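Visitor: Could you put the whole structure together from the sequences, leaning on the hints where they help?
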Amino acid sequence: MIINGVPIKDTYAEAFDFFGTRVIVTADTLDWAMAAAREAVGMGTSIIGCGGEAGIEGEAKDTPDGRPGVSILIFALDKEKLHDQLFGRVGMCVLTCATTSAFNGLKSDDKVETGEMLRYFGDGYEYSEKQNGVTYWNVPMMDGEFTIEGAYGVADGIGGGNFIIMGKDKKACLNAAEKAVEAARKVPGVLLPFPRGVVRSGSKVGGANYDFLPASTNHRLCPTIRDKVEDTEVPSGVTCVYEIVINGLDMESVKEAMKLGIKAACIPGIAEITAGNYEGKLGNHHIHLHDILK
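Counting in my numbering, the sequence shown runs from 10 upward without gaps.
Hints were generated in silico from the structure; no laboratory data involved.
Incorrect hints may appear among the rest.
Simulated restraints, written as ranges between beta carbons of each label pair [unchecked claim]:
id	residue 1	residue 2	range
1	N293	I57	14 to 22 angstroms
2	M150	K18	33 to 41 angstroms
3	D259	M10	56 to 64 angstroms
4	K237	T144	53 to 61 angstroms
Straight-line Cα separation of at most 30 angstroms, DSS-like style, residue types lysine-lysine; simulated pairs [as the list claims (entries may be wrong)]:
id	residue 1	residue 2
5	K120	K179
6	K195	K268
7	K177	K139
8	K213	K180
9	K268	K18
10	K180	K303
11	K90	K120
12	K18	K116
13	K139	K272
14	K116	K195
15	K90	K180
16	K177	K90
17	K290	K120
18	K70	K268
19	K195	K177
20	K213	K90
21	K18	K177
22	K70	K179
23	K179	K195
24	K88	K70
25	K290	K213
26	K195	K213
27	K116	K90
28	K272	K290
29	K116	K139
30	K237	K179
31	K139	K88
32	K213	K237
33	K303	K213
34	K272	K88
35	K88	K180
36	K268	K237
37	K88	K195
38	K18	K70
39	K268	K177
40	K179	K213
Remember, it's a predicted structure, so these values are computed and weren't measured experimentally.
Built from N, CA and C at the ideal position, the CB exists for glycine as well.
Guide: Laid out in C-alpha coordinates, this is it:
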(Lines of atoms letter the chains of each structure in order from A; the text may use other names.)
(Lines give C-alpha, C1' and ligand atoms only; values in the text may rest on other atoms or scores of the structure.)
Protein backbone atom coordinates (compact mmCIF):
# COMPACT_ATOMS: atom_id res chain seq x y z
CA MET A 10 0.00 0.00 0.00
CA ILE A 11 1.28 3.45 -0.95
CA ILE A 12 -0.27 6.80 0.08
CA ASN A 13 1.03 9.98 -1.57
CA GLY A 14 4.19 8.12 -2.51
CA VAL A 15 4.81 6.80 1.02
CA PRO A 16 4.86 2.99 1.52
CA ILE A 17 2.67 1.70 4.37
CA LYS A 18 4.12 -1.50 5.77
CA ASP A 19 1.79 -4.50 5.99
CA THR A 20 1.97 -4.83 9.76
CA TYR A 21 -0.04 -4.11 12.90
CA ALA A 22 0.05 -2.03 16.06
CA GLU A 23 -0.10 -4.12 19.21
CA ALA A 24 -2.55 -2.47 21.62
CA PHE A 25 -3.83 -3.39 25.07
CA ASP A 26 -6.86 -2.99 27.34
CA PHE A 27 -6.90 0.33 29.19
CA PHE A 28 -9.53 1.73 31.58
CA GLY A 29 -10.31 5.35 30.85
CA THR A 30 -12.37 8.25 32.15
CA ARG A 31 -13.11 11.86 31.26
CA VAL A 32 -13.13 14.77 33.72
CA ILE A 33 -14.65 18.15 32.92
CA VAL A 34 -12.76 20.87 34.77
CA THR A 35 -14.58 24.21 35.00
CA ALA A 36 -13.59 27.58 36.42
CA ASP A 37 -14.56 31.24 36.34
CA THR A 38 -12.39 31.69 33.24
CA LEU A 39 -10.99 29.36 30.60
CA ASP A 40 -7.47 30.34 31.65
CA TRP A 41 -8.04 29.02 35.17
CA ALA A 42 -9.73 25.85 33.94
CA MET A 43 -6.83 25.24 31.56
CA ALA A 44 -4.30 25.90 34.33
CA ALA A 45 -5.88 23.21 36.50
CA ALA A 46 -6.15 20.81 33.57
CA ARG A 47 -2.50 21.23 32.61
CA GLU A 48 -1.38 20.51 36.16
CA ALA A 49 -3.72 17.52 36.46
CA VAL A 50 -2.37 15.75 33.38
CA GLY A 51 1.30 16.39 34.17
CA MET A 52 3.71 13.43 34.04
CA GLY A 53 1.09 11.31 32.33
CA THR A 54 2.99 10.05 29.29
CA SER A 55 3.41 6.34 29.99
CA ILE A 56 2.40 3.70 32.51
CA ILE A 57 6.02 2.55 32.41
CA GLY A 58 6.83 5.23 34.96
CA CYS A 59 3.78 7.45 35.49
CA GLY A 60 1.19 5.09 36.97
CA GLY A 61 -1.34 6.29 34.42
CA GLU A 62 -1.59 8.23 31.19
CA ALA A 63 -3.36 11.57 30.96
CA GLY A 64 -3.83 14.53 28.68
CA ILE A 65 -6.06 17.38 27.63
CA GLU A 66 -8.81 16.44 25.18
CA GLY A 67 -9.85 20.00 24.48
CA GLU A 68 -12.15 22.82 25.49
CA ALA A 69 -15.45 21.52 26.87
CA LYS A 70 -18.76 22.88 25.61
CA ASP A 71 -22.05 22.88 27.57
CA THR A 72 -20.45 22.27 30.96
CA PRO A 73 -22.60 21.18 33.93
CA ASP A 74 -22.30 24.55 35.68
CA GLY A 75 -22.33 26.66 32.52
CA ARG A 76 -18.81 27.97 33.08
CA PRO A 77 -15.75 27.71 30.82
CA GLY A 78 -14.32 24.21 30.91
CA VAL A 79 -11.62 21.82 29.74
CA SER A 80 -11.96 18.08 29.13
CA ILE A 81 -9.18 15.79 30.29
CA LEU A 82 -8.74 12.06 29.74
CA ILE A 83 -7.08 9.71 32.22
CA PHE A 84 -6.18 6.04 31.66
CA ALA A 85 -4.88 3.23 33.89
CA LEU A 86 -4.50 -0.54 33.75
CA ASP A 87 -7.35 -1.34 36.15
CA LYS A 88 -10.19 0.43 37.96
CA GLU A 89 -8.35 0.68 41.27
CA LYS A 90 -5.37 2.35 39.59
CA LEU A 91 -7.74 4.62 37.67
CA HIS A 92 -9.35 5.72 40.94
CA ASP A 93 -5.89 6.38 42.39
CA GLN A 94 -4.94 8.46 39.37
CA LEU A 95 -8.16 10.46 39.59
CA PHE A 96 -7.80 10.92 43.34
CA GLY A 97 -4.27 12.27 43.06
CA ARG A 98 -4.63 14.34 39.91
CA VAL A 99 -7.98 15.93 40.74
CA GLY A 100 -7.23 16.23 44.46
CA MET A 101 -3.80 17.79 44.08
CA CYS A 102 -4.26 19.83 40.92
CA VAL A 103 -7.94 20.69 40.40
CA LEU A 104 -9.26 21.04 43.95
CA THR A 105 -6.27 23.27 44.76
CA CYS A 106 -6.76 25.62 41.79
CA ALA A 107 -8.67 28.88 42.17
CA THR A 108 -12.42 28.83 41.29
CA THR A 109 -12.50 25.29 39.85
CA SER A 110 -15.03 22.46 39.93
CA ALA A 111 -14.75 18.89 38.60
CA PHE A 112 -17.48 16.91 36.84
CA ASN A 113 -17.87 13.49 35.27
CA GLY A 114 -17.65 13.67 31.48
CA LEU A 115 -18.36 10.05 30.58
CA LYS A 116 -21.73 8.30 30.62
CA SER A 117 -21.23 4.75 31.83
CA ASP A 118 -22.85 2.30 34.23
CA ASP A 119 -19.35 1.39 35.40
CA LYS A 120 -18.02 4.05 37.77
CA VAL A 121 -15.36 4.91 40.31
CA GLU A 122 -16.54 6.96 43.29
CA THR A 123 -13.55 9.24 43.48
CA GLY A 124 -15.57 12.33 44.37
CA GLU A 125 -17.09 10.47 47.31
CA MET A 126 -13.57 10.16 48.72
CA LEU A 127 -12.22 13.59 47.83
CA ARG A 128 -15.16 15.28 49.55
CA TYR A 129 -13.68 14.26 52.93
CA PHE A 130 -11.20 17.10 52.51
CA GLY A 131 -14.12 19.18 53.78
CA ASP A 132 -13.62 17.65 57.24
CA GLY A 133 -17.33 17.36 57.89
CA TYR A 134 -18.20 20.82 56.60
CA GLU A 135 -18.87 19.53 53.09
CA TYR A 136 -22.46 18.99 51.97
CA SER A 137 -24.12 17.19 49.08
CA GLU A 138 -26.77 18.08 46.52
CA LYS A 139 -28.66 15.85 44.12
CA GLN A 140 -29.69 16.95 40.66
CA ASN A 141 -31.31 14.54 38.20
CA GLY A 142 -30.11 11.61 40.28
CA VAL A 143 -26.49 12.79 40.32
CA THR A 144 -24.69 13.53 43.59
CA TYR A 145 -22.49 16.62 43.82
CA TRP A 146 -20.35 17.52 46.81
CA ASN A 147 -19.59 21.10 47.82
CA VAL A 148 -16.34 21.44 49.75
CA PRO A 149 -15.64 24.76 51.53
CA MET A 150 -12.60 26.61 50.18
CA MET A 151 -11.04 29.97 50.98
CA ASP A 152 -12.49 31.45 47.76
CA GLY A 153 -15.91 29.79 47.98
CA GLU A 154 -16.68 26.12 47.34
CA PHE A 155 -15.15 23.34 45.27
CA THR A 156 -17.92 21.31 43.63
CA ILE A 157 -17.09 17.76 42.64
CA GLU A 158 -19.29 15.05 41.18
CA GLY A 159 -19.44 11.94 43.34
CA ALA A 160 -18.74 9.30 40.68
CA TYR A 161 -16.91 9.15 37.36
CA GLY A 162 -17.76 6.90 34.43
CA VAL A 163 -15.28 4.24 33.35
CA ALA A 164 -14.77 3.04 29.78
CA ASP A 165 -13.21 -0.21 28.61
CA GLY A 166 -10.65 1.66 26.57
CA ILE A 167 -7.65 0.86 24.42
CA GLY A 168 -4.03 1.80 24.99
CA GLY A 169 -1.02 1.64 22.72
CA GLY A 170 -2.54 2.25 19.33
CA ASN A 171 0.44 3.47 17.35
CA PHE A 172 2.23 4.07 14.09
CA ILE A 173 5.86 4.84 13.33
CA ILE A 174 7.07 7.48 10.89
CA MET A 175 10.43 6.92 9.20
CA GLY A 176 11.94 10.06 7.72
CA LYS A 177 14.79 10.76 5.37
CA ASP A 178 15.74 13.69 7.60
CA LYS A 179 14.69 15.05 11.00
CA LYS A 180 12.92 18.14 9.66
CA ALA A 181 10.63 16.15 7.36
CA CYS A 182 9.98 13.49 9.99
CA LEU A 183 9.06 16.00 12.70
CA ASN A 184 6.88 17.92 10.26
CA ALA A 185 5.04 14.70 9.40
CA ALA A 186 4.65 13.83 13.08
CA GLU A 187 3.17 17.24 13.85
CA LYS A 188 0.70 16.92 10.99
CA ALA A 189 -0.22 13.42 12.18
CA VAL A 190 -0.89 14.63 15.71
CA GLU A 191 -3.02 17.54 14.53
CA ALA A 192 -5.16 15.18 12.43
CA ALA A 193 -5.47 12.43 15.05
CA ARG A 194 -6.55 14.84 17.78
CA LYS A 195 -9.64 15.78 15.80
CA VAL A 196 -11.20 12.49 16.93
CA PRO A 197 -13.15 12.82 20.23
CA GLY A 198 -12.22 10.43 23.01
CA VAL A 199 -8.58 9.89 22.07
CA LEU A 200 -5.42 10.82 23.92
CA LEU A 201 -1.92 11.26 22.53
CA PRO A 202 -0.11 11.23 25.88
CA PHE A 203 3.47 12.12 24.96
CA PRO A 204 4.89 15.68 24.66
CA ARG A 205 2.96 17.36 21.82
CA GLY A 206 1.82 13.85 20.89
CA VAL A 207 5.20 12.74 19.53
CA VAL A 208 7.48 9.98 20.86
CA ARG A 209 11.22 9.98 20.24
CA SER A 210 11.91 7.25 22.83
CA GLY A 211 10.36 4.22 21.16
CA SER A 212 10.66 1.36 23.63
CA LYS A 213 10.59 -2.41 23.79
CA VAL A 214 9.43 -4.68 26.61
CA GLY A 215 12.32 -5.44 28.98
CA GLY A 216 15.98 -5.03 28.11
CA ALA A 217 18.32 -6.92 25.79
CA ASN A 218 21.37 -6.30 27.98
CA TYR A 219 19.93 -5.24 31.36
CA ASP A 220 17.48 -7.73 32.85
CA PHE A 221 16.21 -5.32 35.53
CA LEU A 222 14.53 -2.99 33.03
CA PRO A 223 10.74 -3.06 32.53
CA ALA A 224 11.31 -1.26 29.22
CA SER A 225 14.26 0.04 27.24
CA THR A 226 15.11 1.86 24.04
CA ASN A 227 13.94 0.04 20.94
CA HIS A 228 17.41 -0.35 19.48
CA ARG A 229 15.99 -1.75 16.25
CA LEU A 230 14.49 1.66 15.49
CA CYS A 231 17.49 3.87 16.32
CA PRO A 232 19.14 5.19 13.13
CA THR A 233 22.50 6.12 14.71
CA ILE A 234 23.27 2.49 15.66
CA ARG A 235 21.81 0.87 12.56
CA ASP A 236 25.21 -0.58 11.59
CA LYS A 237 25.68 -2.08 15.07
CA VAL A 238 22.29 -3.83 15.25
CA GLU A 239 21.98 -7.06 13.28
CA ASP A 240 18.17 -7.06 13.28
CA THR A 241 17.74 -3.33 12.69
CA GLU A 242 14.39 -2.21 11.31
CA VAL A 243 15.69 1.14 10.05
CA PRO A 244 15.90 1.13 6.24
CA SER A 245 18.88 2.60 4.45
CA GLY A 246 18.44 6.35 3.95
CA VAL A 247 16.31 6.86 7.08
CA THR A 248 17.90 9.21 9.61
CA CYS A 249 14.98 9.95 11.96
CA VAL A 250 12.09 7.94 13.41
CA TYR A 251 9.12 9.19 15.44
CA GLU A 252 6.25 7.21 16.96
CA ILE A 253 2.69 8.40 17.51
CA VAL A 254 0.92 6.64 20.39
CA ILE A 255 -2.87 6.84 20.68
CA ASN A 256 -5.12 5.78 23.56
CA GLY A 257 -8.89 5.89 23.28
CA LEU A 258 -12.12 5.36 25.15
CA ASP A 259 -13.05 2.75 22.51
CA MET A 260 -11.36 0.84 19.70
CA GLU A 261 -13.13 2.60 16.83
CA SER A 262 -11.90 5.99 18.00
CA VAL A 263 -8.32 4.71 18.14
CA LYS A 264 -8.58 3.25 14.64
CA GLU A 265 -10.05 6.46 13.23
CA ALA A 266 -7.34 8.57 14.84
CA MET A 267 -4.64 6.25 13.52
CA LYS A 268 -6.11 6.42 10.02
CA LEU A 269 -6.27 10.21 9.98
CA GLY A 270 -2.81 10.50 11.48
CA ILE A 271 -1.17 8.13 9.03
CA LYS A 272 -2.72 9.83 6.03
CA ALA A 273 -1.61 13.24 7.29
CA ALA A 274 1.95 11.96 7.79
CA CYS A 275 2.34 10.87 4.18
CA ILE A 276 4.31 13.85 2.92
CA PRO A 277 7.55 14.33 0.95
CA GLY A 278 10.62 13.22 2.89
CA ILE A 279 8.93 10.24 4.55
CA ALA A 280 10.42 6.87 3.57
CA GLU A 281 7.91 4.53 5.23
CA ILE A 282 5.21 4.24 7.86
CA THR A 283 5.08 1.14 10.03
CA ALA A 284 3.84 0.23 13.54
CA GLY A 285 5.11 -1.18 16.81
CA ASN A 286 4.34 -4.74 17.85
CA TYR A 287 5.94 -6.82 20.53
CA GLU A 288 5.21 -10.51 19.91
CA GLY A 289 2.20 -10.41 22.22
CA LYS A 290 4.23 -9.21 25.21
CA LEU A 291 2.31 -5.94 25.45
CA GLY A 292 -1.30 -6.54 24.45
CA ASN A 293 -3.82 -8.77 22.71
CA HIS A 294 -5.27 -6.29 20.21
CA HIS A 295 -3.81 -6.17 16.69
CA ILE A 296 -4.66 -3.07 14.67
CA HIS A 297 -3.59 -3.80 11.10
CA LEU A 298 -2.55 -0.69 9.22
CA HIS A 299 -3.81 -1.82 5.81
CA ASP A 300 -7.23 -2.70 7.28
CA ILE A 301 -7.86 0.73 8.81
CA LEU A 302 -6.64 2.52 5.68
CA LYS A 303 -8.88 0.69 3.19
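Visitor: When you check the alpha-carbon spacing of K179 and K213, does it fall within 30 angstroms?
Guide: The hint holds at about 22 angstroms.
Visitor: Can the restraint linking K18 and K116 be considered satisfied, given a maximum Cα separation of 30 angstroms?
Guide: 37 angstroms, violated
Visitor: Check the hint pairing K268 with K18 against an upper bound of 30 angstroms on the C-alpha distance.
Guide: At roughly 14 angstroms apart (the allowed maximum being 30 angstroms), K18 and K268 satisfy the hint.
Visitor: Is the straight-line distance between the alpha-carbon of K195 and that of K268 30 angstroms or less?
Guide: 12 angstroms, holds
Visitor: Is it true that the CA of K213 sits at most 30 angstroms from the CA of K237?
Guide: With a Cα-Cα distance of about 17 angstroms, the restraint between K213 and K237 holds, given a limit of 30 angstroms.
Visitor: Keeping to a limit of 30 angstroms between CA atoms, is the pair of K88 and K70 held or broken?
Guide: Between K88 and K70 the Cα gap is close to 27 angstroms, so the pair holds against 30 angstroms.
Visitor: Under the criterion that the straight-line Cα-Cα distance not exceed 30 angstroms, is the pair K290, K213 satisfied?
Guide: 9 angstroms, holds
Visitor: Is the hinted pair K90 and K180 satisfied, with a Cα-Cα distance of at most 30 angstroms?
Guide: 38 angstroms, violated
Visitor: Starting from K237, check that the Cα of K179 is at most 30 angstroms away, please.
Guide: Cα-Cα ~21 angstroms, so holds.
Visitor: K179 and K195: Cα distance at most 30 angstroms?
Guide: 25 angstroms, holds
Visitor: Hey, K120 versus K179, does the alpha-carbon distance stay inside 30 angstroms?
Guide: Distance ~44 angstroms between K120 and K179 Cα, so the pair is violated.
Visitor: Has the given pair, K195 with K177, been kept, meaning a C-alpha gap of at most 30 angstroms?
Guide: Holds, at about 27 angstroms.
Taken one by one, the earlier hints fail for this structure at numbers 2, 3, 5, 7, 12, 13, 15, 16, 22, 34, 35, 36, 38, listed in ascending order.
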